[in-house]
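Each chain, written out:
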Amino acid sequence: MKKIAAFALAAVLAMGAAAHAEEMLNGAGATFPYPVYSAWANEYNKVSGVKLNYQSIGSGGGIKQITERTVDFGATDKPLKPEELAKDNLLQFPAVIGGVVPVVNISGIKSGELKLDSETVCKIYLGEIKTWNDAMIKKLNPTLNLPGSEITVVHRSDGSGTTAIFTDYLSGVCPAWKEKVGSGTSVSWPSGIGGKGNEGVANYVQQTSNSIGYVEFAYAKQNNLTYTQLKNHAGAFVEPSFESFEDAAATASFDPKKDFYLWLNDAPGNKSWPIAGATFILLAKEKKDSNMKVVKFYDWAFKNGDGKAKELIYVPLPNSLKGKIEAYWKSNGIK
Amino acid sequence: MNIERKRKIESIIALAMSGLAAAIGLFWLVYILADVIIHGIGALQLSLFFNDPAPAGVEGGGLRNAFVGQLMITGAATLIGVPVGILGGTFLAEYARGRKFARFISILSDIMVSVPSIVVGAFVYAILIRPFHHFSGWAGAFALSIIMIPVVLRTTEDMLSLVPWTLREAAFALGAPYYKVIIQVVYRGAATGILTGVLLSIARVAGETAPLLFTSFNNNFFSWDMNRPIASLTATIFQYAMGPYKSWHTQAWGAAFVITLFILALTIMGRLAIWWRYKR
Amino acid sequence: MNTQQTRKIRSLAIFPRKNVVDLLFSSLTGVASFTIIIFIIGILVVLVMESSLALGKFGLVNFLTSTTWNPVTQIFGAAPTIYGTFVTTALALLFAIPTAIGIAIFITEIAPNFLKGPIGIAIELLAAIPSIIYGMWGLFTLAPIMSKYVEPALQSTVGKLPFLGFLFKGNPLGIDLLTASVILGIMIIPFTASIARDAFNLTPAVIKESAYAIGATRWEVVKNVVLPYSKLGVFGGVALSLGRALGETMAVAFVLGNNHKIATSLLDAASTITVSLANEFTEADSDMYLSSLYYLALVLFVMSFIILAISKFFLLKAERRYSR
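Residue numbers (my numbering), protein chains in the order written: chain A, 1 to 335; chain B, 1001 to 1280; chain C, 2001 to 2324.
Everything labelled a hint here was simulated from the structure, so no lab data went into it.
Don't be surprised by glycine CBs; every beta carbon is placed ideally from N, CA and C.
Do not take every clue at face value.
Here are the simulated DSSO-like cross-link-like pairs (lysine-lysine), alpha carbons at most 30 angstroms apart as the crow flies [what the hints assert, rightly or not]:
{"no.": "1", "chain 1": "A", "residue 1": "Lys110", "chain 2": "A", "residue 2": "Lys293"}
{"no.": "2", "chain 1": "A", "residue 1": "Lys330", "chain 2": "A", "residue 2": "Lys293"}
{"no.": "3", "chain 1": "B", "residue 1": "Lys1246", "chain 2": "C", "residue 2": "Lys2148"}
{"no.": "4", "chain 1": "C", "residue 1": "Lys2148", "chain 2": "A", "residue 2": "Lys221"}
Negatives, chain C to chain B, calculated, CB over 12 angstroms [said to hold, decoys possible]:
{"no.": "5", "residue": "Thr2073"}
{"no.": "6", "residue": "Phe2163"}
{"no.": "7", "residue": "Leu2202"}
{"no.": "8", "residue": "Ala2263"}
Kindly generate the complete structure, drawing on both the sequences and the hints.
Below is the structure:
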């Protein structure tokens, strides 16, 4: 009995001692960049030994946990305005750019075949277009064989930056949406089922026939989901791809003075994908030590992670923007 | 048809329905276990136990960190919960036997056994996570121990009450103080029962997910550090089963299989211990 | 527990006398048992404190009846989640109680002696399976079956009836109230079954034999002797299952669809208090949002506590009345 107690005590102390052996950073937030962050963290661990534990709980979670200072950094696709950052004493910078794509599960329809535009997407999510063979969808897709089945709308159940980007786009192009629902990380959805994270939405769309969801493109690609074309601001139908995302980001002007607050929706270019966005990292201003470690990781990622990002169809930030971010870090004393 | 036959037929039908009910109950058990076994065994490869998670969507990952984390959290919860539970049960069955407030605590304890575990998680978040600004395995263990203590306390109380009073009388007659009577006589007599209570309580918390979601959080990397977020099998099953990746689903089934096996083994062991001890 | 025992212990407790260790040990064990009270009060206090913001803004009645859950406008109401909690729990009980009582009757009255043990253990194993396994199984196995076979069948039969038809409207996805209720129902069968079995076993053999002696059939003995005798115990078991079902999270989180709306059809997605907490807790990005979630937790805690207390009341009454 005494031996067991002694052993247990020794084990507990050993756990505490071993704790300081390795370096660990904890981050949480957006599911949007989870595929690329986890790939980068894996590589970074091999070269530096630092373990960057990133939990994808949604942008709402990223904002909340960094505000509470329970994590070393938060990640969000919904950028915070400078006044919001000041209120909670936070720093913000973008890490990578990606695109939100509608994905569908209709038998016989393959990726890139179905054409949708802002009006149809809006009406589907409002619950006004109820079946796939609706006249409005048929008009855009005269040659496709669309079933008369009811559409199952899949959205997010958690606080999501992907939702923020998607609803910001819908609010911008669809006055009815702006009035009835609005935009944000969590909205009052008119209908549909909610999945947890980009992962959950992808899972539900995979499992449910005649469904439509919106996910970051990496999730569509990694899970072979059927994505659609969208009509952009310039009136052309585009497919989601590295080029169309890059085009969307081409005219973007991120301003360090505004803590890089910027939305990339409804970009004007001919080849632009209409629902694109940057994803951001939030840091607590007073945690100088851990901030420097987080910055070291992203600095490494900016210099070495572009290939991996492109592989997953994320658009790495242009070099000029990376320069601005580095200057931002320096001026805030964390590099 | 005379009334006798009618009653007889009614009896046969009603009893057949109850047999059907038993069959339905057993059917679900067999179906669920079979599913877990079939899908889980396919997922059991060495990589599941010896590798750490791979990046999202990449093959070849494992759940080594989650297995270790689960063991550590459950172990820590047991270290906290079992002593408190046993001591508490001892108080109710011995020093406070028959007293009104012992009854009161006993009833409250029974209620606590079934309290929603997610509320316990939210409670621990407010007192242990937010003030200290980091998630931790210890907080997760503490949340689990809150669920464990009532279970251990009640079974200890029941088992100690089963020990005949005459045993204690004999020890008192020899001049032993009460605490010695308890530790050297009563505990010995109720040892198997208490052990069963402990095993069942471990089985209960080993499968809990909700309290861990906001306390020990989760960790993609291997870690011994209980003072920071740590991976747990149950939280990882939640994450992987809700995700889209086939490799995640496979690993989730494998983890589900291991956890179910472990918990069922504990449950059966506990029951066997009682049966063996009390059959003679 | 006779007066001699009580006197002995009281004397020890009141006069710890020379033995310091005894005093220490009794205090230690006393404190340990007191932790139960500390936890319950602690949880209540913390929940009330955390929800004070939402309590202040929404009040009691308004919060419980408001159907809006809008993080954009920061207006929160508990009605949809309370509705979801009630519907899934009620349906689960509907599925579980007849089965559980049937199982208890089978074990106590019909099964040959050698089967009683194994079936009892099997039912206990059903209770031991972790709820997340139920949830996962529900998502991967049950939901597709519900979606492909059961729900369309229900839609084409009951769905066409005039009064009940509205219950089965909508797209049969498998991710809805019905599937969640089925899983919850399976989960709570063992709780009622084992308590009912214990209650049935308390019926004195004499009374049953008397009934047999005047020619009652097996079923008549069960219906007219055993069931009325063990009423209290069975109620207690049902209440316990209800209390447990209220607090279930993981079993339903996968298949409920997470929609904060009052669903009129069983084939609609919905949300319960527990599922909302699990999904939204770590991400409630405003103080009012988090406070509203804590308010939900408080409502759930109070509801469960009351129902579990009622269950305990019945079980104690049954015990007191019949265990002579």
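Structure versus earlier hints - violations, ascending order: 1
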